[in-house]
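Engineer: Just so you know, the protein sequences line up as chains A and B, in that order.
Residues 1 to 246 in this note's numbering are what the first sequence lists, from first letter to last.
Residues 1001 to 1159 in this note's numbering are what the second sequence lists, from first letter to last.
Treat the hints loosely; a few may be bogus.
[Said to hold, decoys possible] Below are the SDA-like pairs computed for lysine to any residue, each with C-alpha atoms no more than 25 Å apart in a straight line:
(1) A:K198 <-> A:F213
(2) A:K62 <-> B:E1094
(3) A:K131 <-> B:P1107
[As the list claims (entries may be wrong)] Listing some non-contacts, in silico: residues in chain B with all C-beta distances to chain A over 12 Å:
(4) N1007
(5) K1008
(6) E1017
(7) I1018
(8) K1019
(9) I1037
(10) L1072
(11) I1077
(12) S1084
(13) Y1103
(14) P1107
(15) D1117
(16) E1134
(17) H1159
Just so you know, these hints were derived from the structure itself, not from any lab.
All C-beta atoms, glycine included, are put in the ideal place defined by N, C-alpha and C.
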Amino acid sequence: MNSDALLTYTLHLADNSLILGQRNAEWCGHGPVLEQDIAITNISLDLIGQARSFYQYAAELKADGSTEDSLAYLRTEREFKNCLLVEQPNGDWAQTILRQFLFSSYQFFLYKQLQNNTDERLAAIAEKSLKEVTYHLRWSSEWVIRLGDGTKESNGRIRKAIEELWRYTGELFMPVSYEIEMGIDVSSLKEEWLKKVKSVFEEAAVPVPENIFMQTGGKTGIHTEHLGFILTELQYLQRAYPGSDW
Amino acid sequence: MKTSAINKEALYAYLEEIKDPEVPVLSIIDLGIVRDIKMNDDELEVIITSTYTGCPAMDMITAAIRVELSTLGFKKIKITNSISPAWTTDWMSEKGKRKLQEYGIAPPDKKFSIPKDGIECPLCHSSNTRLVSEFGSTACKALYQCNDCKEPFDYFKCH
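Given these sequences and hints, build the entire structure.
Structural biologist: Written as structure tokens, this is what we have:
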């Protein structure tokens, strides 16, 4: 295995979790009801915890004085390898829920595979994180069903979210060079993922889109305009006051 | 203190003094966070594991262990965070579960993870309860309400 591929892949996993964690944290204090405000920020905390584990490993692999903090706070857009889905704006509650559901179901099947990886460290992080992702998947599935099977208004909102976000799901299953070198077969996850999504969408009375053009690029560092704005906020303190600590 | 031969049991007893900052009735021993204590030459190594990856209490707990051991006279202390095998509520002590119940938090129940109902109310002991939210005041808890005494309560998720 190529050590560059291992590093880039670890950063890709870390970036996915960090960016979605940051997006979910934007809901803090703005959730539709207190319990759900707490739920979405708890998920955010889990994701940031996972990101920390991956960044700590990536920093050890780099062995050039990098730390989990420098990797999160001092890299630029092109260096971030997260998928496009996680950087999409929160929109309304339906869009946030749908983004979480599409990503958690992907992460669930990915971590299930990754926990058997020959790289012991990645396998251990995946095994531990899988327990948390199981909660995220269950919670977001129930919310997709509640909104889809709710009122005309809530059903319409989930449909709009599907229209907005579906185009970012193709990339998840299209392998890029570092995944291929790592022997991670993301395309093999698609069938199980689609089965899960279909069963939830069916209960939610919303359609699964077909033949939609898929956007790609995030995994190789070519992002939508949103990532720059996320990083501007996330990295502001360390950029303005380098090395500040508390 | 002589560091050549450590008395593990005594050290565990000292570490019992360190409480989880979020659930102050539980010690880090009750929670099963401390996995092992080893003596490598003149360095004392404590192996711990986090409950949830993002648990913000871990940094505080690490600092507290360091302080506790320094006051005992250990000069070289290494705290290693191990992630595999992943933490599980099976490692929580029976004493810890009792203390949780007395504190007003329903302890983890092996029979299920986050059921819709049936978790015993830690206050009136009725099983006529309902799930309010799968996510509670911390990552490790879910929120319930008792249909009989009407009190809301936390349930420590079986993980």
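Engineer: Next step is simple, just say for each hint if it's right about the structure.
Structural biologist: Structure-based check of all given hints:
Proximity of A:K198 to A:F213 is assessed by CA-CA distance (about 19 Å); at most 25 Å being required, the pair is judged to hold. Straight-line distance between C-alpha atoms of A:K62 and B:E1094 comes to about 43 Å, which puts the hinted pair past the 25 Å bound. Taking the CA atoms of A:K131 and B:P1107, the gap is about 18 Å. The hint holds against a cut of 25 Å. Residue placement check: B:N1007 keeps its beta carbon more than 12 Å from all beta carbons of chain A (closest about 31 Å).
Annotated as non-interface, B:K1008 keeps its C-beta farther than 12 Å from every C-beta of chain A; the closest such distance is 25 Å. No Cβ of chain A approaches the Cβ of B:E1017 within 12 Å, the least distance being about 26 Å, so the stated non-interface status holds. Non-interface status of B:I1018 relative to chain A is upheld: no Cβ of that chain comes within 12 Å, the nearest being about 21 Å off. With a cut of 12 Å on Cβ distances, B:K1019 stays outside the contact zone with chain A, its closest approach being about 21 Å.
Against chain A, the non-interface label of B:I1037 holds: every CB pair exceeds 12 Å, the least being about 21 Å. The claim that B:L1072 lies off the interface holds: its Cβ sits roughly 28 Å from the closest Cβ of chain A, which is beyond the 12 Å cut-off. For B:I1077, the shortest C-beta to C-beta distance to chain A comes to about 20 Å, beyond the 12 Å cut-off, and the non-interface label holds. For B:S1084, the condition that its CB be more than 12 Å from all CB atoms of chain A is violated, with the nearest at approximately 3 Å.
For B:Y1103, the shortest C-beta to C-beta distance to chain A comes to about 20 Å, beyond the 12 Å cut-off, and the non-interface label holds. Annotated as non-interface, B:P1107 keeps its C-beta farther than 12 Å from every C-beta of chain A; the closest such distance is 18 Å. At the 12 Å boundary, the C-beta of B:D1117 stays outside the reach of chain A, the nearest C-beta of that chain being 15 Å off. Non-interface status of B:E1134 relative to chain A is broken: a Cβ of that chain comes within 12 Å, the nearest being about 5 Å off.
The Cβ of B:H1159 does not lie farther than 12 Å from every Cβ of chain A; its closest approach is about 6 Å, which violates its non-interface assignment.
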